[in-house]
Amino acid sequence: MRWYRFAVLVLIATILQAGFLSNFSIKPDLLLIFLVFFAVYSNTSEAIISSFTIGFAADLIGPAMGPQTISFGLFGTALAYLHRVIAIRKMPYQALAIFITSILAGTLAYLLNLIKSEPNPAITYSDIFKTAFYSGIVGPFLFLPSAWWMRIKTTRFRRNRVTR
Amino acid sequence: MLAGFILILAPQQWTNKFQFAFIRIFRWPLKIGSEISLASPTQQQFSDSSDQTIIRYENHIANLEQSLEQANQKINQLSGLRNRFPLLKGAKLETADISTVTISDTQAELIINRGTDEGLMSNQFVIANNSIIGTITEVSNRLARVKLFTDKSSNIAVKLGKSEVKRVMRGIGNNSAKILNLQTKHKVETGDRVFACKKPGLLDVPMIIGIVTQCKRDDQQPSVWDITVQPACDITKIDSVTVIIMNP
Chain A
1 MRWYRFAVLV LIATILQAGF LSNFSIKPDL LLIFLVFFAV YSNTSEAIIS SFTIGFAADL
61 IGPAMGPQTI SFGLFGTALA YLHRVIAIRK MPYQALAIFI TSILAGTLAY LLNLIKSEPN
121 PAITYSDIFK TAFYSGIVGP FLFLPSAWWM RIKTTRFRRN RVTR
Chain B
1001 MLAGFILILA PQQWTNKFQF AFIRIFRWPL KIGSEISLAS PTQQQFSDSS DQTIIRYENH
1061 IANLEQSLEQ ANQKINQLSG LRNRFPLLKG AKLETADIST VTISDTQAEL IINRGTDEGL
1121 MSNQFVIANN SIIGTITEVS NRLARVKLFT DKSSNIAVKL GKSEVKRVMR GIGNNSAKIL
1181 NLQTKHKVET GDRVFACKKP GLLDVPMIIG IVTQCKRDDQ QPSVWDITVQ PACDITKIDS
1241 VTVIIMNP
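Residue numbers (this note's numbering), protein chains in the order written: chain A, 1 to 164; chain B, 1001 to 1248.
Hints in this document: simulated from the structure, not taken from any laboratory. Some hints here could point you the wrong way.
Chain A side only, calculated, beta carbon under 8 Å to chain B, not exhaustive [as the list claims (entries may be wrong)]:
no., residue
1, 16
2, 19
3, 24
4, 64
5, 69
6, 70
7, 92
8, 95
9, 115
10, 133
25 Å max Cα-Cα, derived DSS-like pairs, lysine-lysine [unchecked claim]:
no., chain 1, residue 1, chain 2, residue 2
11, B, 1166, B, 1237
12, B, 1199, B, 1166
13, B, 1216, B, 1178
14, B, 1178, A, 130
15, B, 1017, A, 116
16, B, 1237, B, 1178
All values derive from a computational prediction rather than experimental measurement. Yeah, the Cβ is synthetic: ideal placement off N, Cα and C, and Gly gets one too.
Chain B on its own, in the form it takes in the complex (with noise of 0.2 Å):
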């Protein structure tokens, strides 16, 4: 009991510590009953690796053209001036390993094989195939955690790409989260990009993050929209994810 109130009231980037040995020496067979729940039917939302090669290239094209509005809208604000935009400009792009994949009604999160000593910190933006899919919440010295955009305890700030507003996208689990508080007076279609605002010193430039699923009146608010946002890529069939460190 003593035992548990200690490790309550210690520091949490100690006691991870334990999380993080435990899951460094158990990460083969972690992996492996992580591989065989992932690969049952029930959790497939993607066919083959052709579609995730098109769906890769789908986003890279979508946020071209986000960095192109962007480019286009700056160019427009400093009268004509050209201003070349900067998409991760000096960025260090840090590739790093899934060792285990947590996706269920309660979690999504994954052990990834970086931490500290890669310059791995937490809030950074980590993307798989070329979408952002969540945000380091812990680092060790060489593992970190990173919290998936679909985790319930995710919010994280987001703007559709036919309109300027932002809102904050909170996860509601099964792979799926929501945009909370869009008015209906906002025109929003199924199929709409949905792109992770510009964070200061985390990221510089709105990448895609995810794509509209379903959009209908709010049941509780009508005058507000219900939209229900997937990944813009199959999490569960990714092996690595870049993590972006604008400053290194």
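Only chain A is shown next, with the shape it has when bound in the complex (with noise of 0.2 Å):
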């Protein structure tokens, strides 16, 4: 994992994330969609540190601190280890992949600030649906330019075909 490229991508989708895209009413959810790119396409012990690492971000940007570092690092690190049992290799199945990550993330950081005491979290089950739909949409196609920013194959584990 080249870090310091890590470092950019992240930071890139933190400030679009918290500046040009956060007055749209529809959006994805940038990090998410990194978290899981990183949780598909590099080893175990790099995706857990990427996914807190991606989740602390989501914090710096979000209503208050720790929720989102916890949940993206609990469901990062499920799906590094479910990467290694299934590949997710083809786009529907990560935009599967990313819808089913966003909802089980954003539910848990939104039953999490609710332990911090935010009065009335803004945040409810439909804006996590939305956004987990519309970060399902989009993030695929995001993976290929994070791909080449990031320096990784994306076809290294693709089996070789047996011609006969």
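Got two chains here, each in a separate frame; can you build the complex from them with the hints?
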């Protein structure tokens, strides 16, 4: 993993999410998309570290510190371990992985926000669903440029076809 | 994971320092990003700067009318004793620039470049173009977070211009708020002005906060109104705000 490039990528995503995308009513969660990206294209230990780091970045621009570090870290780790068993290579599967991870991470962050005693958090379940849906649609298309930036070969795990 | 739990369990005023530090360091790219997205045509409600000036004066007139009305009521109550209406008399008005704007379905808030060093505290009212736009929720030394009244977690006591009945107005996102539980026996029309109620120590005079943009019978409870309110100024176009510090 090229950590310097990782830091730049996460920083740009965080700034875009908090600045440019913050005023759109319909928006994907860029940080969550990158969480799934690193879970899919990195080895397990790198995916776990990147999950917690991305979660921390999401907290920096969120309503409170802590909830997303835990939820992103937890589900990023789970996805990284799942990826050891099930390869998530095709775009529809990646979209599904982003959608499910977004819903789970969003719900856990919402519940943890209640522990943080945030009064009546602004995010609702329908918002979580909408964000997950749009992230699922946009996410797989961001994987290729992200892989280029991170110098990750997206085809390195592909099995060779046997020809007779 | 441990760090996450420490962050959750730590007091919010400590953990906020991380968020405020991030905003302070990256305030320029964040501001540019916000401005680009706010410049998109779908977000525009008012056309140009001349409209802004008109809106500012209209709001000022509305505030003066409300002040006059309240003064007249006091005069009547006190048997003709003349009583000068103290419109923000003695209050400190702290002007602040906006660092970032977030107005979406889920959030409606500003980060401003004033903090505890200038006497800002939580719950203080924030005005722009002579109308209230929200309250301060979190403060650091040099930055503060303003929750707009259209934020989904915002609840603010208001009264409608024509009636004296007070109700809670709740933010619903999308630059709008709803006035809750107002019976249909009260007369309400589209275009009515909505005023934030007095709050001792924070706001000594009712001030305009919004305008009724839709008023219809509630589908589920036909005996109450379903009233939608939008801000009395275009929040997406303001550059600076003023914080009311009633007891400087």
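Now the hints, each set against the structure:
1. 16: holds, 6 Å
2. 19: holds, 2 Å
3. 24: holds, 6 Å
4. 64: holds, 7 Å
5. 69: holds, 4 Å
6. 70: holds, 4 Å
7. 92: Interface hint status for residue 92 of chain A: violated (27 Å vs cutoff 8 Å).
8. 95: Hint violated; residue 95 of chain A Cβ to chain B Cβ min 22 Å, cut 8 Å.
9. 115: Residue 115 of chain A check passes; min Cβ-Cβ to chain B is 6 Å, inside 8 Å.
10. 133: Interface hint status for residue 133 of chain A: violated (13 Å vs cutoff 8 Å).
11. B/1166 to B/1237: The given pair, whose Cα atoms are some 30 Å apart, is violated under the 25 Å limit.
12. B/1199 to B/1166: With Cα atoms ~13 Å apart, residue 1199 of chain B and residue 1166 of chain B stay inside 25 Å; holds.
13. B/1216 to B/1178: The hint holds at about 12 Å.
14. B/1178 to A/130: holds, 22 Å
15. B/1017 to A/116: holds, 16 Å
16. B/1237 to B/1178: holds, 22 Å
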